[in-house]
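Engineer: The chain contents come next:
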Amino acid sequence: MLRTMKKINLVLLVHLSLFLTLSCGSKKKVDVTVESGNYIELGAPSVFLDSWSKENEVVIHELNEPDNLHPCNGTSQVRSEMFLYLHGSLLRTDLRSGTVQPGICKSMPEISKDQLDLIFDLREDIKWDDNTLISPDDVIFTVKVAKNPGTNNAAFKPYFDLVEKVERVPNSATKVLIRMKKVYVQNVALWADYPIIQKSFYDPKNVLDQFSFEQFNDTNFHVDQFNDLNEWSTNFNSPPYGFDAKLISGLGPYRLKEWQQGQLLVFEKKKNHWSDKSKVYAEKSYPNKLIFKVNKDAISTQLAFLKQEFDASTSLSSRGLIEMKSDSMFNQNYHGRFVDVYGYTFIALNTKPELSNNALALSELEVRKALASLTPVQPIIDVVCKGVNKPVVGPVARMKGSYNSDLHLILLDVKKANEIFDAAKWNERDKDGVRVKMIDGKKVRLELELAFLSTTPEWREMALMIEASMKQAGVKVNLNMTDLQTWLDKGTSHHFDMIMGSWNSSALPEDYAQLWATSSWKENGLNFSGFGNEKTDAIIDSLAVTMDESARLGMEKRIQAEIYSEYPYIFLYGLVRRTAIHRRFSGAELYGERPGVLFNMFKLSSIGVKTSATP
Amino acid sequence: MMSRLIKRFLQTLVSLLLLVLFSFFLSRVLPGDPAKYILTFNNSQVVSSAEGRAKCYEQQYRQMGLHLPFFYFSLESILLPDSFIHLPDNDFKFLLCSLSYYSGSPRLSYSLAKKIVANKENEFLVASFQRVGVSRAVDDLLANRDVTEIDEKFLIDLSQLKSDHENQYWKRWIPSIRWNAENQFHLWCFGGRLDGSGFVSKGIVRGDFGKSWTRGGDVFEMVKFPFLLTLFLSVFVLLVTFPLALITGGWLVFYQRKWYAKIQKPLFIFTYSIPTFWMGTALLLFFANPRMLDWLPSASPVLETKNGFGSWFLSLVSQAEYLIIPLFTLGYSTLIYLSQMVFELLKDELQKPYVLTLRAVGSSERKIIFYYSMKNILVPVIVSGMSVFPLLLGGSVIIDFLFTMPGMGSSMLQACDQKDFPVISGILFVSGLVTMLSFALTDLFTSQVNPLIRQSNFKKNG
Numbered sequence: 001m002l003r004t005m006k007k008i009n010l011v012l013l014v015h016l017s018l019f020l021t022l023s024c025g026s027k028k029k030v031d032v033t034v035e036s037g038n039y040i041e042l043g044a045p046s047v048f049l050d051s052w053s054k055e056n057e058v059v060i061h062e063l064n065e066p067d068n069l070h071p072c073n074g075t076s077q078v079r080s081e082m083f084l085y086l087h088g089s090l091l092r093t094d095l096r097s098g099t100v101q102p103g104i105c106k107s108m109p110e111i112s113k114d115q116l117d118l119i120f121d122l123r124e125d126i127k128w129d130d131n132t133l134i135s136p137d138d139v140i141f142t143v144k145v146a147k148n149p150g151t152n153n154a155a156f157k158p159y160f161d162l163v164e165k166v167e168r169v170p171n172s173a174t175k176v177l178i179r180m181k182k183v184y185v186q187n188v189a190l191w192a193d194y195p196i197i198q199k200s201f202y203d204p205k206n207v208l209d210q211f212s213f214e215q216f217n218d219t220n221f222h223v224d225q226f227n228d229l230n231e232w233s234t235n236f237n238s239p240p241y242g243f244d245a246k247l248i249s250g251l252g253p254y255r256l257k258e259w260q261q262g263q264l265l266v267f268e269k270k271k272n273h274w275s276d277k278s279k280v281y282a283e284k285s286y287p288n289k290l291i292f293k294v295n296k297d298a299i300s301t302q303l304a305f306l307k308q309e310f311d312a313s314t315s316l317s318s319r320g321l322i323e324m325k326s327d328s329m330f331n332q333n334y335h336g337r338f339v340d341v342y343g344y345t346f347i348a349l350n351t352k353p354e355l356s357n358n359a360l361a362l363s364e365l366e367v368r369k370a371l372a373s374l375t376p377v378q379p380i381i382d383v384v385c386k387g388v389n390k391p392v393v394g395p396v397a398r399m400k401g402s403y404n405s406d407l408h409l410i411l412l413d414v415k416k417a418n419e420i421f422d423a424a425k426w427n428e429r430d431k432d433g434v435r436v437k438m439i440d441g442k443k444v445r446l447e448l449e450l451a452f453l454s455t456t457p458e459w460r461e462m463a464l465m466i467e468a469s470m471k472q473a474g475v476k477v478n479l480n481m482t483d484l485q486t487w488l489d490k491g492t493s494h495h496f497d498m499i500m501g502s503w504n505s506s507a508l509p510e511d512y513a514q515l516w517a518t519s520s521w522k523e524n525g526l527n528f529s530g531f532g533n534e535k536t537d538a539i540i541d542s543l544a545v546t547m548d549e550s551a552r553l554g555m556e557k558r559i560q561a562e563i564y565s566e567y568p569y570i571f572l573y574g575l576v577r578r579t580a581i582h583r584r585f586s587g588a589e590l591y592g593e594r595p596g597v598l599f600n601m602f603k604l605s606s607i608g609v610k611t612s613a614t615p
Numbered sequence: 001m002m003s004r005l006i007k008r009f010l011q012t013l014v015s016l017l018l019l020v021l022f023s024f025f026l027s028r029v030l031p032g033d034p035a036k037y038i039l040t041f042n043n044s045q046v047v048s049s050a051e052g053r054a055k056c057y058e059q060q061y062r063q064m065g066l067h068l069p070f071f072y073f074s075l076e077s078i079l080l081p082d083s084f085i086h087l088p089d090n091d092f093k094f095l096l097c098s099l100s101y102y103s104g105s106p107r108l109s110y111s112l113a114k115k116i117v118a119n120k121e122n123e124f125l126v127a128s129f130q131r132v133g134v135s136r137a138v139d140d141l142l143a144n145r146d147v148t149e150i151d152e153k154f155l156i157d158l159s160q161l162k163s164d165h166e167n168q169y170w171k172r173w174i175p176s177i178r179w180n181a182e183n184q185f186h187l188w189c190f191g192g193r194l195d196g197s198g199f200v201s202k203g204i205v206r207g208d209f210g211k212s213w214t215r216g217g218d219v220f221e222m223v224k225f226p227f228l229l230t231l232f233l234s235v236f237v238l239l240v241t242f243p244l245a246l247i248t249g250g251w252l253v254f255y256q257r258k259w260y261a262k263i264q265k266p267l268f269i270f271t272y273s274i275p276t277f278w279m280g281t282a283l284l285l286f287f288a289n290p291r292m293l294d295w296l297p298s299a300s301p302v303l304e305t306k307n308g309f310g311s312w313f314l315s316l317v318s319q320a321e322y323l324i325i326p327l328f329t330l331g332y333s334t335l336i337y338l339s340q341m342v343f344e345l346l347k348d349e350l351q352k353p354y355v356l357t358l359r360a361v362g363s364s365e366r367k368i369i370f371y372y373s374m375k376n377i378l379v380p381v382i383v384s385g386m387s388v389f390p391l392l393l394g395g396s397v398i399i400d401f402l403f404t405m406p407g408m409g410s411s412m413l414q415a416c417d418q419k420d421f422p423v424i425s426g427i428l429f430v431s432g433l434v435t436m437l438s439f440a441l442t443d444l445f446t447s448q449v450n451p452l453i454r455q456s457n458f459k460k461n462g
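Residue numbers (the working numbering), protein chains in the order written: chain A, 1 to 615; chain B, 1 to 462.
Fair warning: there could be bad hints in the mix.
Unchecked claim - Okay, derived cross-link-like pairs now, SDA-like style, lysine to any residue, Cα gap no bigger than 25 Å in a straight line:
id : chain 1 : residue 1 : chain 2 : residue 2
1  : A       : K257      : B       : Q414
2  : A       : K296      : B       : D294
3  : B       : K306      : A       : Q261
4  : A       : K296      : B       : K202
5  : B       : K306      : A       : Y241
6  : B       : K224      : A       : P240
7  : B       : K202      : A       : P239
8  : B       : K202      : A       : S278
9  : A       : K535      : A       : S565
10 : A       : K279      : A       : R123
11 : B       : K202      : A       : R123
12 : A       : K257      : B       : S311
13 : A       : K296      : B       : L293
For the record, the hints were derived by calculation from the structure and aren't laboratory data.
Quick caveat: nothing in here was measured; it's all calculated off a predicted structure.
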């Protein structure tokens with residue numbers, strides 16, 4: 001027995017020492033300053049180290065590969081970021097200014113007085129890969145494909161439902177008119193970064209020419225009744241158009257050369273591309289190759305950075321980047337930066353639980369208020385986010401002019417929460433210390449489920465901290481870790497008590513309808529919590545049609561105040577992008593807007609090309 | 001020998017049948033609705049209108065063949081008409097039955113049930129039914145809604161259902177076994193065609209594992225190289241660890257009185273008790289870290305799959321240094337387990353009388369251990385070695401994740417995450433098949449190696 005104990009002790013001792021050896025390192029004070037602003041220039045290196053690669057290619061770390069690279073059918077974030085290199089669009093989101101700017105058009109569209117007609121004038125230097133000029137027919141075709149009921153692009157259909165028709169402007173070879181059905185704040189922004197596709201490449205038999213926009217607008221139009229269209233749609237929807245390099249064609253400066261499933265995607269620069277002569281900064285393309293490599297494991301990712309196997313990443317965790325920044329080898333080779341982005345984390349509270357058989361307590365404003373005071377936002381930021389992120393008061397990012405700075409942060413205050421509960425007659429407790437109240441003759445316990453995503457361990461850490469904090473005031477929290485589908489199902493079907501997650505936004509004008517309009521709740525949209533009333537709907541409707549910035553400002557602040565006072569969400573913190581970029585490039589810039597970095601602008605430092613030096 | 005072969009073949013055939021059933025049902029009992037997943041994956045559940053979602057969902061559901069029953073027979077209430085078997089999903093079926101029992105109009109019930117399920121409003125509406133009564137709730141809710149198109153035959157069945165329910169309520173609780181000629185299992189196994197969806201399959205019996213629901217490609221093509229990589233790693237580990245374990249075990253017995261042989265036990269326990277994930281991480285930090293020993297790469301090899309097996313294998317071999325840490329991580333516990341087994345078996349073997357005789361006639365200790373005794377312990381070691389094989393295949397999940405290897409583990413994880421049933425079934429089937437074949441081969445091999453087994457077969461045949 002004693003011998004066995006000795007062996008076990010020895011095993012434990014050796015394990016412990018091995019753990020300590022591996023985990024101990026020099027603990028340096030790391031700069032975790034979060035930079036804000038539309039763009040940050042990283043500058044050029046003053047020296048080019050011998051250990052730096054002179055290959056004119058950028059190896060980018062990705063956590064996930066895109067769902068596909070089909071020009072219409074697919075919605076993953078990575079896919080739309082990669083489209084910036086493969087495709088061209090009528091308008092583009094200018095990452096430096098956070099505004100919409102002309103893409104393949106000469107200027108912003110002319111807008112008619114009724115704000116329904118948009119006339120785009122196409123540039124005359126834009127050519128397809130077969131050297132043919134882009135024409136209005138390509139734009140008409142692109143919209144027709146998106147509106148075609150047979151195209152499997154359910155995610156984009158609602159946006160294109162806003163389009164009535166697209167047609168050539170008479171007597172012009174470059175102008176195209178887009179007629180919208182109604183005035184909407186995002187009528188122009190809709191055309192930013194949506195890929196325009198070549199008619200002759202995707203529809204050489206002109207099948208879609210036989211069908212009009214009127215037909216596609218008709219809800220009784222059935223694709224099955226038209227063999228040609230059915231056949232074309234089936235073919236267009238087929239996987240090769242999303243995965244096969246030969247069938248993926250766009251206006252962008254790069255083409256897909258190789259896709260090793262689950263491992264990497266290689267984009268190769270096109271020769272003699274129209275953008276070579278472009279003076280627009282975002283259209284420049286310096287690297288010969290962009291290589292997107294997938295790595296989900298944090299440790300091997302960090303090692304790969306130390307070994308300079310990656311050139312850039314925008315997908316690092318705060319912890320990972322802080323650990324890397326504490327290493328002089330990393331700092332010598334990389335810029336490691338934290339940048340504020342347009343997004344936030346939240347806990348949505350089900351404010352209409354009686355309609356979905358959920359915890360009735362949440363229908364009480366006082367309970368929601370107390371829960372907000374029990375949420376350890378700052379401790380979460382300090383422990384889980386390593387002090388990087390900042391707390392937020394509402395759904396608008398601090399960087400935006402419309403951010404309502406009159407609203408104050410709700411701080412962790414257990415005493416205050418207890419007082420609120422007591423005042424709201426939640427003063428009795430069960431044997432296990434959980435608060436109870438008699439509602440409609442029934443004893444209701446203050447026991448709530450908190451659903452959160454299983455995607456990263458940080459969500460679980462946060463949930464555990466919230467559970468512990470709420471327990472102090474007699475609130476029992478049951479944790480429920482879910483996958484993305486279940487998370488969305490719970491939210492959209494309103495079958496939850498509390499649900500934690502994050503939303504991304506952009507610098508462009510916000511459309512509040514998706515998250516906050518009552519119609520979005522009724523139609524099982526993204527209004528999870530059931531927030532809203534006639535007054536807030538009226539503000540949201542007005543915002544949807546108001547283009548004037550100054551007029552919008554007041555309304556946006558009012559809707560934030562309404563949300564703040566109703567506590568449908570407990571707002572946690574603003575999102576921060578963690579970026580690492582190799583110093584061997586000049587011209588790299590960081591943006592608050594997604595995707596945060598344009599890899600096509602990475603210019604291999606000229607000193608690296610000509611000579612090499614040792615520091 | 002022939003009878004043993006035939007017997008083994010028949011056993012394998014039965015196991016294969018069970019495996020087919022197991023792979024199919026295991027993939028189907030995964031929580032979550034794959035049709036909903038694909039629509040969620042494509043974001044359509046979030047942004048499109050309720051009507052649009054309902055339409056998309058039904059189209060997706062039918063395209064995937066999910067409207068068909070699982071198997072050749074199913075257990076239903078005797079009251080349920082045959083046409084109900086083909087209803088989109090169980091939620092819908094349940095809701096429709098409940099509504100038909102209470103509402104006055106089958107047509108309206110069908111329309112309402114369809115909308116409720118598609119819009120995921122069940123919970124909300126059930127609560128509403130409880131408050132105001134079902135009939136009123138149905139009438140209220142349908143007052144301003146269009147009635148969905150409904151098949152006349154189905155309508156008759158639905159009316160019959162309502163009448164049966166009113167007059168013969170007891171029938172609701174009587175189960176009946178129904179025969180389903182068209183079902184998901186048959187389609188997967190023997191192939192077929194789904195009307196209106198373009199789905200055509202030859203079935204797994206003809207080597208067609210179907211198409212991936214998320215990527216659309218052939219399942220076989222998708223899992224071919226990941227599976228080969230996992231198989232290669234597992235077989236390589238076995239081929240290396242097996243002789244190494246024999247040598248190590250023999251060596252430890254030979255030098256068992258020396259100090260370094262005496263510390264092997266705690267050392268083995270220590271190493272064996274390190275979790276695979278931890279070992280992999282530690283190896284990475286030691287041997288692929290510029291701050292420690294920067295000898296090996298930290299990432300996985302990029303394997304060429306476009307030009308067939310030859311180029312894939314060449315790319316694998318040419319990047320052999322990428323495989324050292326994964327192979328060690330996968331194999332260290334097997335090596336320790338087998339070495340310890342050889343050590344213990346040999347120690348027991350050396351106590352047997354024939355060893356005393358051998359020593360008496362002057363055979364060297366080395367020859368006794370490595371030749372005579374080793375031969376006698378081979379069978380249990382081979383059997384144990386082969387029983388480790390499925391564990392190695394399973395261990396690939398950790399290896400794939402840690403080293404981002406494009407193996408079967410990562411394909412399986414991705415497929416489970418995406419509820420891609422054809423891929424899950426395909427991987428389960430192929431890995432099960434390989435495991436079964438490996439056991440059959442072990443059986444044959446041990447019968448060849450062990451004279452006792454050979455003799456018993458001979459006697460039986462004689």
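Engineer: Each of the hints needs a verdict: does it hold here or not?
Structural biologist: For each hint, the structure was consulted:
1. A:K257 to B:Q414: OK: A:K257 and B:Q414 at ~24 Å, within 25 Å.
2. A:K296 to B:D294: 21 Å, holds
3. B:K306 to A:Q261: Holds - the C-alpha atoms of A:Q261 and B:K306 are around 11 Å apart, at most 25 Å.
4. A:K296 to B:K202: Cα-Cα ~36 Å, so violated.
5. B:K306 to A:Y241: 17 Å, holds
6. B:K224 to A:P240: Holds, because 18 Å separates the two Cα atoms, which is no more than 25 Å.
7. B:K202 to A:P239: With Cα atoms ~20 Å apart, B:K202 and A:P239 stay inside 25 Å; holds.
8. B:K202 to A:S278: Distance ~53 Å between B:K202 and A:S278 Cα, so the pair is violated.
9. A:K535 to A:S565: Judged against 25 Å, a Cα distance of about 13 Å means the pair holds.
10. A:K279 to A:R123: Holds, at about 13 Å.
11. B:K202 to A:R123: 51 Å, violated
12. A:K257 to B:S311: Holds, because 17 Å separates the two Cα atoms, which is no more than 25 Å.
13. A:K296 to B:L293: 23 Å, holds
The earlier numbered hints that this structure contradicts are 4, 8 and 11.
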